[in-house]
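Below, each chain spelled out in residue letters.
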Amino acid sequence: MPSINSTIKVDSRDAKLSMAHFYVAFAALAIGGLMGLLQTLVRSGKFELPGGIGYYQVLTVHGVLLGLVLTTFFIMGFQHAAVSRTAGTHSDKARLTGWIGFWVMTLGTVMAAAMVLMNKATVLYTFYAPLQAHWIFYLGLTFVVVGSWIDGIAQIMTYAKWKKNNPGKPGPLLSFMAVINTVLWIICTIGVAAEVLFQLLPWSLGLIDRVDVLVSRTLFWYFGHPLVYFWLLPAYMAWYVVIPKVIGGKIFSDSLARLSFILFLLFSIPVGFHHQLTEPGIDPAWKFIQVILTFLVIIPSLMTAFAMFATFESAGRAKGAKGMFGWVKKLPWNDARFTVPFIGMAAFIPAGAGGIINASNQMDQVVHNTIWITGHFHLTLATSVVLTFFGISYWLIPHLTGRKLTKKMNKLALIQAWVWFIGMAFMSGSMHAEGLLGAPRRSAFSTYMGAKQAAEWIPYQIAQAVGGTILFIGIILILIIFINLAFFAPKGEEEFPVGEQAENAEATPMVLENWKLWIGISIVLILFAYTIPFIDMIQNAPIGSKGFKTW
Amino acid sequence: MHMHKLEKIWLIFGLAALIVFLSTIGVSAFYLGNKPPSCLTTVDPEKVDQTAPFNKPGLHKVEGKDWDYELVFVAQAFAYTPTQVTVPLGAKVKVIATTKDVVHGLEVAGTNINMMLEPGYVSEYTTTFDKEGEYLIVCNEYCGTGHHLMSSKIEVKK
Numbered sequence: 007m008p009s010i011n012s013t014i015k016v017d018s019r020d021a022k023l024s025m026a027h028f029y030v031a032f033a034a035l036a037i038g039g040l041m042g043l044l045q046t047l048v049r050s051g052k053f054e055l056p057g058g059i060g061y062y063q064v065l066t067v068h069g070v071l072l073g074l075v076l077t078t079f080f081i082m083g084f085q086h087a088a089v090s091r092t093a094g095t096h097s098d099k100a101r102l103t104g105w106i107g108f109w110v111m112t113l114g115t116v117m118a119a120a121m122v123l124m125n126k127a128t129v130l131y132t133f134y135a136p137l138q139a140h141w142i143f144y145l146g147l148t149f150v151v152v153g154s155w156i157d158g159i160a161q162i163m164t165y166a167k168w169k170k171n172n173p174g175k176p177g178p179l180l181s182f183m184a185v186i187n188t189v190l191w192i193i194c195t196i197g198v199a200a201e202v203l204f205q206l207l208p209w210s211l212g213l214i215d216r217v218d219v220l221v222s223r224t225l226f227w228y229f230g231h232p233l234v235y236f237w238l239l240p241a242y243m244a245w246y247v248v249i250p251k252v253i254g255g256k257i258f259s260d261s262l263a264r265l266s267f268i269l270f271l272l273f274s275i276p277v278g279f280h281h282q283l284t285e286p287g288i289d290p291a292w293k294f295i296q297v298i299l300t301f302l303v304i305i306p307s308l309m310t311a312f313a314m315f316a317t318f319e320s321a322g323r324a325k326g327a328k329g330m331f332g333w334v335k336k337l338p339w340n341d342a343r344f345t346v347p348f349i350g351m352a353a354f355i356p357a358g359a360g361g362i363i364n365a366s367n368q369m370d371q372v373v374h375n376t377i378w379i380t381g382h383f384h385l386t387l388a389t390s391v392v393l394t395f396f397g398i399s400y401w402l403i404p405h406l407t408g409r410k411l412t413k414k415m416n417k418l419a420l421i422q423a424w425v426w427f428i429g430m431a432f433m434s435g436s437m438h439a440e441g442l443l444g445a446p447r448r449s450a451f452s453t454y455m456g457a458k459q460a461a462e463w464i465p466y467q468i469a470q471a472v473g474g475t476i477l478f479i480g481i482i483l484i485l486i487i488f489i490n491l492a493f494f495a496p497k498g499e500e501e502f503p504v505g506e507q508a509e510n511a512e513a514t515p516m517v518l519e520n521w522k523l524w525i526g527i528s529i530v531l532i533l534f535a536y537t538i539p540f541i542d543m544i545q546n547a548p549i550g551s552k553g554f555k556t557w
Numbered sequence: 285m286h287m288h289k290l291e292k293i294w295l296i297f298g299l300a301a302l303i304v305f306l307s308t309i310g311v312s313a314f315y316l317g318n319k320p321p322s323c324l325t326t327v328d329p330e331k332v333d334q335t336a337p338f339n340k341p342g343l344h345k346v347e348g349k350d351w352d353y354e355l356v357f358v359a360q361a362f363a364y365t366p367t368q369v370t371v372p373l374g375a376k377v378k379v380i381a382t383t384k385d386v387v388h389g390l391e392v393a394g395t396n397i398n399m400m401l402e403p404g405y406v407s408e409y410t411t412t413f414d415k416e417g418e419y420l421i422v423c424n425e426y427c428g429t430g431h432h433l434m435s436s437k438i439e440v441k442k
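Quick mapping for you: the protein sequence lines, in order, are chains A and B. Each residue of the first sequence is one higher than the one before, counting from 7 in our numbering. Each residue of the second sequence is one higher than the one before, counting from 285 in our numbering.
Worth double-checking, as some hints may not be accurate.
Estimated spans, in silico, between C-beta atoms of each pair [claimed, not checked]:
| # | chain 1 | residue 1 | chain 2 | residue 2 | range |
| --- | --- | --- | --- | --- | --- |
| 1 | B | Leu290 | A | Gly51 | 27 to 33 Å |
| 2 | B | Ala336 | A | Ala461 | 34 to 40 Å |
| 3 | B | Pro337 | A | Ile541 | 45 to 51 Å |
| 4 | A | Leu55 | B | Pro337 | 36 to 42 Å |
| 5 | B | Gly317 | A | Lys552 | 32 to 38 Å |
| 6 | B | Thr367 | A | Leu123 | 31 to 37 Å |
Hints were generated in silico from the structure; no laboratory data involved. Idealized CB from N, CA, C, for every residue including glycine.
Just need the whole structure built from these sequences, with the hints factored in.
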């Protein structure tokens, strides 16, 4: 019954839990965004940081706050609301678990941030050994991860409760997706947890003298690639389930949506070597096997693209659109809840193509660790994912705070998205182009002793500063909208849109809910992709490395 | 599970494209020999200066191998040794490199030489320098405060 569906509200106690996550997420966006602006200005060569602040310290703050803090807090806040809305209000126990998760993550963030600000952890957000940060930095990151597990367990508890009360039925789609993402996250963070707990933390405390660098990098990238899918899947949740409702259409296929999420669970983890293609110590045959698995994870994205456009077209035709592309005009282009994520979706087309290039080992040799890569993930994460997160915020924040998205704020949101698009076109575009010429990523301004090649890079760096400045205007706009929706917008009811399947759709096969089967296959694939190379690494390991502080 | 006919066509097209891409990469890597740098040799990072070939960084002519020269680089924060090297045009060169401290990159801008240098491991890549000119070598993995100052130069001359 759509009328009841559209009026279901997230319980106010769960809403508070979600909002707590969003306050931290948007604070991280504000500070991290400012750091991004500073980086592009420094790298243009026209600006220097005042007061002896280091470029790489600023870069560490930017990466940790936007790559780890903004994303994890936003995703957990969104998933709490999504589960509470579709699988029912958290029990007191689940909510308490959620709050414990939130505070553990927040404590971890404060610990890591303090070390970075004191310049004790200028190791960037990838913290590659043998750069050795202060142990409090590593412990803080551990708390962020463990807190996110506790947060995720709260969501699984509420989903399990729904399943117990509704035996033999497939769980609500949005909750199912949130649980897949949580399971994906728990499986992949085991890698980084092992790296930190068994290697970096005891090493920084002086309990062990040396670490195996290649093992630590392999554990990191076992985590690092599924990390990007952990960012992407909440965006896909909104695309699959929320957008159809916003445009007045139906979910194209509940079963295929679930299948694509299961494929992400299977294929996004055993693929970390495609980040390590140019590294010594790993056999090229195993690199190629993981490249094949990487390409398999493209399939669910192709399915998603099809489902999106099928939804758009059928919604348009149901409203009487004629001709091949008449449905395009029927889409609600003036509704920020649709248009903002749509720009994100469109950005995923070049972003995905770039990803295929990066994973192809010969082409990777041209772009590896050049600023092309930075350009790439500013399209995937910083455009597709982040614009979808903004689009979610425009209905979710007022829904949770009991307010309304006004016409004025809706308009500002549309302007924000176009400002973002233009800024990113400048910044990411020039990063891609400069990367093809060989300019390295993660580097302060340098003329490289007057080298001719480096001189050719500088105009692109100026274009990045222009783009970065436009993007910072975008950050200011989103913060204005966030603060408005959280504290000042008029009281009212904003819908939490949850799409429904077309009436003639067939029932969802229950095999898609067979968690033992899918988690089992996921583990088998991981063991297949990693066991032999890992044994090789340990058997042929060189003497480990002592810690260095080169900043 | 029902799948729309157009979606089947779309996915078959997508899968076919992926198979073509993967075959191209695979054939290029394992038949034509364009594998990514994946040397399995190890070295004690604290004894790099005493270990051959790193005890003599620079360009060396070699005989009886598939390549004409070996170009040895030693990286440390924030410099490469040698800081500049001249390579004869058309020479087939095996670049051999390692690091004495943290992880560095060795990227020769404008070429396909791009590899990670990790403590304890030797990185190698064989290539032919068939275009004259000056090539900038940059460190493309963050290694500390002086990361952006870490560079070297290859001059390819007739």
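For each hint, the structure was consulted:
1. Separated by about 51 Å at the C-beta atoms, B/Leu290 and A/Gly51 break the suggested range of 27 to 33 Å.
2. In this structure, B/Ala336 and A/Ala461 meet the distance hint of 34 to 40 Å, their C-beta atoms being roughly 38 Å apart.
3. Distance hint check for B/Pro337 and A/Ile541: the Cβ-Cβ separation is about 29 Å, which falls outside the suggested range of 45 to 51 Å.
4. In this structure, A/Leu55 and B/Pro337 meet the distance hint of 36 to 42 Å, their C-beta atoms being roughly 41 Å apart.
5. At about 37 Å, the CB distance of B/Gly317 to A/Lys552 agrees with the hint of 32 to 38 Å.
6. One distance hint, 31 to 37 Å for the beta-carbon pair B/Thr367 and A/Leu123, holds here, with the actual separation near 35 Å.
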